[in-house]
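Participant: In case you want the letters, here they are:
Number of protein chains: 2
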Amino acid sequence: MTAFFDHHRPTLEAAREALFARGFWSIYPEVPSGRIYGETAKAEGESAFAALLGQPFTLPGHPEDRRLGAELSPFGPELGIAYPAADPARLLDASQAAAPALADAGPEARVGACLEILARLNRLSFLIANATMHTTGQAFAMAFQAGGPHAQDRGLEAVVMAWDEMTRFPAAARWEKPQGKAAPIVMDKHWTLVPAGIALTIGCNTFPTWNSYPGIFASLATGNPVIVKPHPAAILPLALTVRIAREVLAEVGLPADAILLAVDAPGAEITKTLATDQAVRLIDYTGSNAFGDWLRAHARQAQIFAEEAGVNTVTIAASPDFAAMCDNLAFSLALYSGQMCTAPQNIYVPKGGIETDQGRKSLDEVSRGIADAIDRLLADPARAAGVAGAIANSATLARLAEARKAGRILRDSAPLPEGRSATPLLLAVEAGDPAAAGECFGPVAFVVACEDADDAIARAAAISAQKGAITAALYDTDEDRIARAIRAFARAGANLSINLTGNIYVNQSAAFSDFHVTGANPAGNASLTDTAFVATRFRRVMWRRQVAA
Amino acid sequence: MTAFFDHHRPTLEAAREALFARGFWSIYPEVPSGRIYGETAKAEGESAFAALLGQPFTLPGHPEDRRLGAELSPFGPELGIAYPAADPARLLDASQAAAPALADAGPEARVGACLEILARLNRLSFLIANATMHTTGQAFAMAFQAGGPHAQDRGLEAVVMAWDEMTRFPAAARWEKPQGKAAPIVMDKHWTLVPAGIALTIGCNTFPTWNSYPGIFASLATGNPVIVKPHPAAILPLALTVRIAREVLAEVGLPADAILLAVDAPGAEITKTLATDQAVRLIDYTGSNAFGDWLRAHARQAQIFAEEAGVNTVTIAASPDFAAMCDNLAFSLALYSGQMCTAPQNIYVPKGGIETDQGRKSLDEVSRGIADAIDRLLADPARAAGVAGAIANSATLARLAEARKAGRILRDSAPLPEGRSATPLLLAVEAGDPAAAGECFGPVAFVVACEDADDAIARAAAISAQKGAITAALYDTDEDRIARAIRAFARAGANLSINLTGNIYVNQSAAFSDFHVTGANPAGNASLTDTAFVATRFRRVMWRRQVAA
Chain A
1 MTAFFDHHRP TLEAAREALF ARGFWSIYPE VPSGRIYGET AKAEGESAFA
51 ALLGQPFTLP GHPEDRRLGA ELSPFGPELG IAYPAADPAR LLDASQAAAP
101 ALADAGPEAR VGACLEILAR LNRLSFLIAN ATMHTTGQAF AMAFQAGGPH
151 AQDRGLEAVV MAWDEMTRFP AAARWEKPQG KAAPIVMDKH WTLVPAGIAL
201 TIGCNTFPTW NSYPGIFASL ATGNPVIVKP HPAAILPLAL TVRIAREVLA
251 EVGLPADAIL LAVDAPGAEI TKTLATDQAV RLIDYTGSNA FGDWLRAHAR
301 QAQIFAEEAG VNTVTIAASP DFAAMCDNLA FSLALYSGQM CTAPQNIYVP
351 KGGIETDQGR KSLDEVSRGI ADAIDRLLAD PARAAGVAGA IANSATLARL
401 AEARKAGRIL RDSAPLPEGR SATPLLLAVE AGDPAAAGEC FGPVAFVVAC
451 EDADDAIARA AAISAQKGAI TAALYDTDED RIARAIRAFA RAGANLSINL
501 TGNIYVNQSA AFSDFHVTGA NPAGNASLTD TAFVATRFRR VMWRRQVAA
Chain B
1 MTAFFDHHRP TLEAAREALF ARGFWSIYPE VPSGRIYGET AKAEGESAFA
51 ALLGQPFTLP GHPEDRRLGA ELSPFGPELG IAYPAADPAR LLDASQAAAP
101 ALADAGPEAR VGACLEILAR LNRLSFLIAN ATMHTTGQAF AMAFQAGGPH
151 AQDRGLEAVV MAWDEMTRFP AAARWEKPQG KAAPIVMDKH WTLVPAGIAL
201 TIGCNTFPTW NSYPGIFASL ATGNPVIVKP HPAAILPLAL TVRIAREVLA
251 EVGLPADAIL LAVDAPGAEI TKTLATDQAV RLIDYTGSNA FGDWLRAHAR
301 QAQIFAEEAG VNTVTIAASP DFAAMCDNLA FSLALYSGQM CTAPQNIYVP
351 KGGIETDQGR KSLDEVSRGI ADAIDRLLAD PARAAGVAGA IANSATLARL
401 AEARKAGRIL RDSAPLPEGR SATPLLLAVE AGDPAAAGEC FGPVAFVVAC
451 EDADDAIARA AAISAQKGAI TAALYDTDED RIARAIRAFA RAGANLSINL
501 TGNIYVNQSA AFSDFHVTGA NPAGNASLTD TAFVATRFRR VMWRRQVAA
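Heads up: the protein sequence lines correspond to chains A and B, in order. For the first sequence, UniProt numbering assigns the number 1 to the initial residue and increments by one for each residue that follows. For the second sequence, UniProt numbering assigns the number 1 to the initial residue and increments by one for each residue that follows.
Keep in mind that a hint or two might mislead.
Claimed, not checked - Partial list, derived from the structure: chain A residues whose beta carbon lies under 8 Å from chain B:
no. : residue
1   : E17
2   : A21
3   : G23
4   : K189
5   : A490
6   : R491
Stated by the list, open to error - Derived Cβ-Cβ restraints for the label pairs, each shown as a range:
no. : chain 1 : residue 1 : chain 2 : residue 2 : range
7   : A       : R168      : B       : E251      : 29 to 37 Å
8   : A       : G353      : B       : D104      : 27 to 35 Å
9   : B       : Q179      : A       : G76       : 28 to 36 Å
10  : A       : A268      : B       : E402      : 49 to 57 Å
11  : B       : A141      : A       : V547      : 21 to 29 Å
Said to hold, decoys possible - According to the in silico footprint, chain A covers these stretches of chain B (three or more CB under 8 Å from chain A):
no. : region
12  : 164–173
13  : 493–504
14  : 535–541
Note that these hints are calculated values from the structure, not bench results. Note that the coordinates shown come from a computational prediction; the quantities given were computed from them, not determined experimentally. Every residue gets a Cβ at the ideal spot worked out from N, C-alpha and C, and that includes glycine.
So that you can see chain A by itself, here it is in the shape it has in the complex:
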């Protein structure tokens, strides 16, 4: 049962070293290159994807009461895939039935299975890229990276953190208490790792694998059977994941039902029924604050690990390289049309302008600089499609249309030739304008006029603390003010990137290095992947026995 563990042990050890070093590390290549993945991998991924379309999706042995599925590619076509779907009670029963064997298998067997699942997912990265692209609207390059290797990195990170926590204390110890001149009291103690219970992973529309893998793999590794509830519009990437996982589990003699797919239909979601069942003890959730609030109010039997919405900010206090700053921000705003949880929304700029390497720039010149950079970036339609992709959910377009009335338009949004798409809308507002007081998910950004640089920092930090923020960016040249900003954003619980230019963006969060989401503001109570993300997924229960002196 531990052959996979032995096989993947070098990966586990290298990943563990990386986890505690926090430098750059990845074992799953992010470049969709034939030289890495095999010259035929790209074509095979495409044909494998095409073969799934319009067909029933096979999940051997999976509970099934009916077939469901109505995915529509943001790039056009209906997927037409019919997934096995089962009533919540049946899924919960099957999950419960799988629990004892998964718990008894022990950390090595479970971690070995997880590592093998990840390795197989990596080999399927081109198929998953196509599945991700046509459910999320991500352009292919991003769908490959974020849906494939980067999501696999996140899964591996969670497995390693879980492994380290499970093995942090010994499984047995001898306790020997001196008794003066008498013989010592001796006890042999043993600890069993006891999983929390059924784990529910609630996937999102935009990053079905990237956001779900940490919870899925942390739970599986620590012995909790997982029910994967995909967003009805983004089932396929997680259905493929569940299929691979079930195959590996069965191969090592574990119950395939230790991971289940909970497909439902829009308007008839089963999430609430699953989430409030007494047997569900862990919930990993990515989505709106409204549903997060609902979960916290109603799923009180479960521990909830949540990533929710927030208002990510950019504060422009000064710029050591104005042109590069504008280009960098343009990319951050345009990438996947602002649908990343890490994408900036509110750009705080002193109303009197800023100092730059090009001399003083007025607020208007700063706004114009960013707008022009977006235009330059998206001038070529093919490149624009490759950066912005499509809009995952039509509600985002409605929100965007509404947002156009909310401020002075600095740069208007427009569709791209391909798919349901929209380039960034850039609006000018005064500080305190309610339009920029909360999240406006999608390709919408606000340039907020502030009193001065310190006011800009204070406002950006305040909205991070109040509304939540996963990222914050700062451009500045004044080291004292940078130090003040570091303190302000730390207190607001927002990870801060300073003076990014070139090919690195505030949107990017690297596994094994950045702790994604701090857990310290309303954008999330969980951080990928820190100790708290794994430590309560299982408990240590002792048996101790006296040893004759």
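Start from chain A and add chain B according to the hints.
Facilitator: Same frame as chain A, but now just chain B:
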């Protein structure tokens, strides 16, 4: 600011080693001996205690709106100590004001202060023993151990676990991502530890220091200011603790208000007001399930670390040493009159009797054996007082009187000559009797007649899972059945002690070795002291800055 850290570093390192070895370890001697604590220590402790009686309690600089205090020793006298008391809003303001300096001090300064506080508390162990004795009703020997060194062990354990978690990941790292033939992207990353917020510790009547120190020290070490809310009947041990802590904090230049005392009067408790304030983000609670449920329903802004009630069980399936078993159980039942959270209550025995080293014993003979052992243990009044102590809360005596009607009396309870006291009541009931279906806090135990040994194990494990259990004891000689019991109690989340005899008892839970309370059943969601107990008391927030290639 880190002089104390440097001074106590050897203690920290030895304790850290012990934490991960889980063998016996303690730095605070548990024997109240003049050779260890100084020949005059006992007398000084007594006179220091006497000097406090009938006086205002001094807490220099502490917020104060009035004086409160109506403690009554279970051994008789009124304490007559008047403590400074302040309105919740004033306490919360003072705590908030102390937060930034405590957060900014960093782990070394805070951990150093905590270690110094513990060292000074240790030197005051005789005073704290008297304070504990006359608020809890513990006999002196237990009050010294549990109120002093063992509580200090727990505090140290929490500090070390917090230290290890705070230093588990580096404070800074360089991230260098290769870019093929181009220069790598280089980022310097830094992480600030950001405390969760105000921590509220809600103390209990029976173990004011032992149960409160883990939360207090875990929160202080991780940078959260603490408001200590003692039980109105057991203020003094925590007031002394707060005084020492404030002295040390002030000496190292930290705000004394990083730890505050929240004294209230019975019937006018301020706990709910404090617990539901938005600034309170951590609650460490020991007490009833009813108030625990209230906290979970209302203090939703806070993380709650709770130790609540449960039904601890003994299962007697067979006995390799009948006489020693009866003596051992008699002591566990009589010790502090069953008022320990670890004390057994329900004794499950096959109705057909058991095999023992003395031959087969009927159910009646087993019951008689335990009852007689209690009688023997308590025959000498002085020894009885030293074991059983007094009853902390008069409600316990009322419950005991009620319980006498609940089953056939195998051994009746009786007062001891000294204090408000009661020896164990032992009752016989049938399996399924509602009298034994929940916790009956105090010196009450039930012998529950079961079908057979496996039924006894199943019933004991089931009540542990349903009602919660901190401990479970098993006596058996059948190794296969022992293995089944180990699995059953592990699933029920109850720490199991097998065949204890002699000078080691199921009630005892050792710091650095046993994880006290598993967190895996309704008796508590927190374990002293595992990773989960510290990991969410702070968060890591990053700032990262691009390094020119």
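Participant: Each hint: holds or not?
Facilitator: Do the hints match the structure? See the list:
no., hint, in the structure
1, E17, "violated (12 Å)"
2, A21, "holds (6 Å)"
3, G23, "holds (5 Å)"
4, K189, "holds (7 Å)"
5, A490, "holds (4 Å)"
6, R491, "holds (7 Å)"
7, A:R168 - B:E251: 29 to 37 Å, "holds (34 Å)"
8, A:G353 - B:D104: 27 to 35 Å, "holds (33 Å)"
9, B:Q179 - A:G76: 28 to 36 Å, "holds (34 Å)"
10, A:A268 - B:E402: 49 to 57 Å, "holds (52 Å)"
11, B:A141 - A:V547: 21 to 29 Å, "holds (26 Å)"
12, 164–173, "holds (count 5)"
13, 493–504, "holds (count 12)"
14, 535–541, "holds (count 5)"
The structure fails to meet hint 1 from the earlier list, while all remaining hints are met.
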